[in-house]
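First to last, the protein sequences are chains A and B.
Numbered per the working numbering, the first sequence spans residues 1 to 288.
Numbered per the working numbering, the second sequence spans residues 1 to 283.
Hint data in this document are derived by calculation from the structure and do not stem from the laboratory.
Keep in mind that a hint or two might mislead.
[Stated by the list, open to error] Each pair of labels, with its calculated beta carbon distance range: (1) A/ASP55 / B/GLY250: 54 to 60 Å; (2) B/TYR77 / A/ARG249: 39 to 45 Å; (3) B/ALA84 / A/LEU30: 36 to 42 Å; (4) B/PHE211 / A/GLN45: 49 to 55 Å; (5) B/TYR14 / A/VAL202: 16 to 22 Å; (6) B/TYR77 / A/GLU59: 50 to 56 Å; (7) A/LEU30 / B/PHE39: 24 to 30 Å; (8) B/LYS105 / A/GLN45: 44 to 50 Å; (9) A/ASP55 / B/ALA84: 27 to 33 Å; (10) A/VAL202 / B/TYR77: 31 to 37 Å; (11) B/ASP139 / A/GLU59: 48 to 54 Å; (12) B/VAL110 / A/ASP180: 30 to 36 Å; (13) A/LEU30 / B/ILE181: 49 to 55 Å; (14) B/GLY250 / A/LEU67: 43 to 49 Å.
Where is the CB? At the ideal position from N, CA and C, for every residue including glycine.
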Amino acid sequence: MSRDAGRLSLILLFMPFVLWIGLLIILPQLGIGYYSLREKVGFNQFEFGLKNYVDFIGEPVYRNTLLRTAWMSILVTILALIAGFPVAYYIAKIAKERSRAALFLMCLIPLWVSDLVRAYGWIVLLRETGVISTALVKMGIIGQPVEMLYNDITVVMGLVYTVILFMIVPLVSTLQGMDDALLEAGYNLGGSRLTVFRRIIVPYAMPGIVSGCIITFMLTAGSYLTPILLGGKNSSWFTEQIYNQFITRYNWESGSAFGVSLLVFTSFVVWAGLRLTGQSLATTVAKD
Amino acid sequence: MQGSRHLLWIYRAYVVIFFLYLVSPLLAAGVFAFNDSMFPSLPWQGFTLDWFFSSEGPKLGLFHDDRLLQGLGNSFYIGVIVAALSVAAGTCNAFLFERKQFPFKGALYVLMVVPLVIPGVILGISILVFASMVANFADQQFGLFLTWLRPGIPLVVLGQFSFLTTITSLVIAARLQKFDISLEEAALNLGASRLRVLLTVTLPFLVPALFSAFVVAFLVSFENFNTTLMLVGSDAPLTVTMYDRMVKAGSTPVLNAVSVVLMLGSGGLALLSVLAQRPRKAG
C-alpha cells in the first residue's frame, strides 16, 4: 500500500468536510459578522462601523429582550434538569430490564414529533375555549373559562416540555454506565442517601448533566415556535426580533448584529458552563 | 424500610405524572382530529373522518386541501434530498475521523460538532446572508442570475444539510468505531482490492447505521421549522404551511389531522430506524 494512495484518500475524504464546514458554517458566520458591521448611509452605500451594535445596546427594548431570553433559558435549563434527573435515574437504575427499553422509547416519542405539533397540542389544551378550561367549567371548579395561554409560566412550561428530552437522553446514557457497587460502597461506608447522591451520583453523572444542559440551553435560547405560539405576539423572545429585522423590516444589517449578539451571548454561557464544570465540548456534546 | 417503600411509591407516581405530561399535548392534538366539530375543543360531537377525507367545505379534509398537500409534497422532496446528501457527507466524515490521522484533528472534530450548538435561526440567517452576498457578487461581476441562491427549496436544502451532517456523521462514526479492523486486513491478505474490501466488507457492516442516519435526517428535516423559516421561498414545506394556517386562519381540526399524519409517519419511521439498529439474533 503506497503512501500516495493514503494521502489521496485523505484529501478525498477531506473535501466534503471542508466544503461543508467552510461554505455552510464558517463563511456564512463571517458573512453575518460582515453585514453587522455595515451602516447604511444611502441607497446601496455603506460605511463600516459599530453603529448597529451601538443601536442595539442603546435601545432598551432589544437589550431587555436578549436579557429576558437569556434568563428564561437558564431557568428552563435548571427546571429541565431538576424535573428530568429523577426520570433519567429511574429509567437507568430503578426500572426493570424489560420496562427500561420501553420507558426510554416512550421518552423518545415526543422527540420525533415536530415542535409545531407539540405547541399546537398545548394550545388545544390551554386556551380559553380549550380542553382544560372547558372541563374545569363543566366540573364546576371554576365559574367561567380562563385563558391559560400568553403568560410567562405557560411559556416556561412549554419550553421545558420541548427540551427536556434532550436533557434525559444524555443523563440516561451516562447513568447507565454507573456501577451499582459504587452506591453500595457509599452506603456501606455509612453515607446517607443525600451524601451518596451528592458525592457519588452527581459527580458520576456530571458529563451527562453538562451535555444535557448545553443542548437544552442552546435549544431554548434559539427556539422560535414555542415562545411565539404559547406566549403570543408579545412574548419578547430574541429570535423573534431577529426574524422581524430580517423578514418584516428587511433590515439585514441590524438583524445580523442581533444574530451575532445572540451567538456570542449563548456561546459565552456555554463556555462559562464548561469552564465551571471542567468539561470540554468534544467529550460532552459529541458523545451521543 | 417502611419509609423507603413510601418514597419509592412517590417516586413512581412522579414518573407516571411525568409521562402523562409528555403525552397529553400529543393526545390533545391527535384526538380532536376525529371530533365532528368546527373547532378543536370540547364538547365531543361524535366521531368523524371528515377532517381527513371530506372533499368539500366547510370541513375540507386534509387529503383534499391542495395547499397542505403541496406542503407535504415539498417536505417529502426536501427531506429525501437532504437525507441522501447528509448521509453521503456523514459517511466521508466518519471515515475521516475514525480512520485517518492528520494535524489539528481535535480542533476539527470540535468544528464538526459546532453546527449542532448554533441556534437554527442563526444558521438560517447566516446562510441567507452569505448566499445573497454570493448571488449579488455574481450578478454585479459577471451578470449571472443565480436564482437558486435566493430563498427557495435549494437554500432550504443547504440550510438543513448544514446541521444534519453533524448528526449523520456522529451516528455513522459510532458504528464504524465498533468495526473490527482485522476483518478488513483478512480480506486484504486474501487478495481483495481496497475498493472491493470497502464495498463487500466495510459498507455492508455500516448499512444499519446508514439507514438509521438517513431516517433520522429525513425526520429532522421534515419537522424542522427554525432554519427553514428563514430560507423558505414560495414552495413552503408542510411545517411552514401549517404555521401560516395557524397564525392567519386560526386553528381548525384540519391542523389536528395534519398532526395525526405527522405523528404516525414519524413514529413509524423512528420505529423502523430503531429496529434497523438492533443487532440480528444470529449476530
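Structure-based check of all given hints:
1. A/ASP55 / B/GLY250: 54 to 60 Å: Hint violated: Cβ distance 36 Å, outside 54 to 60 Å.
2. B/TYR77 / A/ARG249: 39 to 45 Å: 31 Å, violated
3. B/ALA84 / A/LEU30: 36 to 42 Å: Cβ of B/ALA84 to Cβ of A/LEU30: about 28 Å, so the range 36 to 42 Å is violated.
4. B/PHE211 / A/GLN45: 49 to 55 Å: 53 Å, holds
5. B/TYR14 / A/VAL202: 16 to 22 Å: Holds, since B/TYR14 and A/VAL202 (Cβ atoms, about 19 Å apart) stay within the stated range.
6. B/TYR77 / A/GLU59: 50 to 56 Å: Given a distance of about 41 Å, which is not inside 50 to 56 Å, the answer is violated.
7. A/LEU30 / B/PHE39: 24 to 30 Å: 49 Å, violated
8. B/LYS105 / A/GLN45: 44 to 50 Å: 45 Å, holds
9. A/ASP55 / B/ALA84: 27 to 33 Å: For A/ASP55 and B/ALA84 the Cβ distance comes to about 43 Å; the hint is violated.
10. A/VAL202 / B/TYR77: 31 to 37 Å: For A/VAL202 and B/TYR77 the Cβ distance comes to about 47 Å; the hint is violated.
11. B/ASP139 / A/GLU59: 48 to 54 Å: Violated: the Cβ-Cβ distance is about 33 Å, outside 48 to 54 Å.
12. B/VAL110 / A/ASP180: 30 to 36 Å: 34 Å, holds
13. A/LEU30 / B/ILE181: 49 to 55 Å: 39 Å, violated
14. B/GLY250 / A/LEU67: 43 to 49 Å: With Cβ atoms ~33 Å apart, the hint is violated.
Consistency note: the structure conflicts with the earlier hints numbered 1, 2, 3, 6, 7, 9, 10, 11, 13, 14.
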